[in-house]
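Here is how the chains run, residue by residue.
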Amino acid sequence: MMNNFFINLGRKVLSFLYFSGGLANLASQTIYLAFTPPFKRDHVFEQAKKAGYDSFPIVSLVALFIGFIFALQTAYFMQRIGSELYIASLVALSVVRELGPVITALVVAGRVGAAITAELGSMQVTEQIDALETLATNPIKYLVVPRFLALTLMLPLLTLYADAIGIFGSYIICVFKLGISSSMYLHVTWDALMYKDLFTGLFKTVFFGMIIALVSCYHGFNVEGGAEGVGRATTHSVVTSFIMIIVADCFFTALFYFIFP
Amino acid sequence: MIEIKDLTKNFNSHKVLDELSLKINTGETCVVIGRSGCGKSVLLKHIIGILKPEKGKIFIDGKEVTNLNEEELNGVRMKIGMVFQGGALFDSLTVAENVGFNFIEHGHISRKELLEKAEEALCLVDLCGIGNLMPSELSGGMKKRVALARAICTKPEIILYDEPTTGVDPITADSINELIKNLHDKLKVTSVVVTHDMKSAYKVGDRIAMLYQGKIIAEGSPGEIQNTTHPVVHQFINGLSKGPITETLEEFR
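Those sequence lines, one after another, are chains A and B.
With the working numbering, the residue at position 126 of the first sequence is 126, and numbering never jumps.
With the working numbering, the residue at position 24 of the second sequence is 24, and numbering never jumps.
What the hints contain is simulated information worked out from the structure, not anything from laboratory work.
Heads up, some of the hints might be wrong.
[Claimed, not checked] Partial selection, computed: residues in chain B whose CB lies under 7 Å from chain A:
1) ILE48
2) ILE50
3) PRO53
4) GLU54
5) MET82
6) ALA88
7) PHE90
8) SER136
9) LEU138
Glycine included, C-beta positions come from ideal geometry on N, C-alpha and C.
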């Protein structure tokens, strides 16, 4: 019983170390290959369209509803203390600094990360990745680099867009439901926000994009055992991305708290 | 010439190749036979450098290929074509793009030239005019032929076949065998065919080698192999359920 516990613990630790090593290795090779010619711009654009452009509808929907919900939830307390006006600044700060980046990253991890793992996983199972190598093409250069660049570039853009939509959602509730004047709302929002809020919010999404791309590609490359393996890898990929995004978010929040007090 | 010396490979402490040595002469078709999962595909993947051996060396035309860096290895790979078991066609690309993949990635040629080269290779495998289809629209046998077209498109000196007749009907299998023979005669390539289809082995092979427990245990002309007295080879080529191969399996359990 006790023995089993330690064996399992040992296995978990080993597999964690194996994963960390593999991911670090993939990351270094990806970054190296991203800066070595030849550069395939078409591939990056294609992935940017898949990962970024095609994600706009779902990100819009989620961000809009987050805006609605957040405005209503804060209104509950703000009305009690008679300061509805500050809903605008509260929403602006929390959406730009925290909710926009994290919600967007999670949506993209679920939508795009899962798709990448499933696609690369199927390629691995059907030996297409081996075939790439036999055709003298580096699979990391051909498959990972475009996805990595696309997600790293598109996630900040998507987040910026989600921030705007989120604030717009809250604007609708405050102006049409709570009776705050439109110009007042915009003025308070504008006053609350500083450049550093926008910067700290967007800066971390660059890393979230890298995390999603690398984790999903890593799990895709390491699929074993046919269709079931692809399913398992996709689940692992999304779960790992979620955990790493939240941990990275915590790290950056703490870091910025001390750098830009 | 491909020369394999003392090749050893383990997967999770399971010995797949155990000091395997084999010589394949230029222009010859060598068939490697063996049971499923005995390491035949692993052997091919070592020749083309996808897998690295733990021990041992492989020489292609006298040049060692097991210790090359990626750039040198890619140079070697341009001379080798590999046909995968299920075709391994890229399903996001059309048939023509698949066949001409090497030119898209490495050559600077126009779209028109690419399509011409792809069409030429497709005609060699009797599939003229299907360049615009997607791989998902093809049957299993056609996929194997397209994979073959992709392998020969760059005019390689060596072609490796991973179970070319597995999973297709007997008539298609025979036409693939014919194709392998014809390509061999036309292009004068060195071929390594991995299979457990004995009919195919006798038909295409100049020489047959049997892989068993990580080693080549017998090699010879198809005639010699057919009349072998080696008990393991005898059991395998005649497809008998009782014999030394299955007995050792019993011992394992």
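### Supplied contact hint for B/PRO53, tested at 7 Å Cβ to chain A
violated (16 Å)
### Message
Is the interface hint satisfied for B/ILE48? The criterion is a beta-carbon contact with chain A at less than 7 Å.
### Response
holds (5 Å)
### Task
With a cut-off of 7 Å on the beta carbons, see whether B/GLU54 makes it to chain A.
Since the shortest Cβ distance to chain A is 19 Å, the answer is violated.
### Message
A closest beta-carbon separation below 7 Å is what the hint needs, so does B/SER136 meet it against chain A?
### Response
violated (12 Å)
### Hint check, B/PHE90 versus chain A [nearest Cβ-Cβ separation less than 7 Å]
holds (6 Å)
#### Entry: Hint status (Cβ of B/ILE50 to nearest Cβ of chain A, threshold 7 Å)
holds (5 Å)
### Message
Please check whether B/ALA88 passes as an interface residue: C-beta within 7 Å of a C-beta belonging to chain A.
### Response
holds (4 Å)
### Message
Checking hints one by one. Is B/MET82 an interface residue toward chain A, by the C-beta closer than 7 Å rule?
### Response
holds (4 Å)
### Message
Would the hint on B/LEU138 be counted as holding, given a Cβ-Cβ threshold of 7 Å to chain A?
### Response
violated (14 Å)
Of the numbered hints given earlier, the model fails hints 3, 4, 8 and 9; all others are met.
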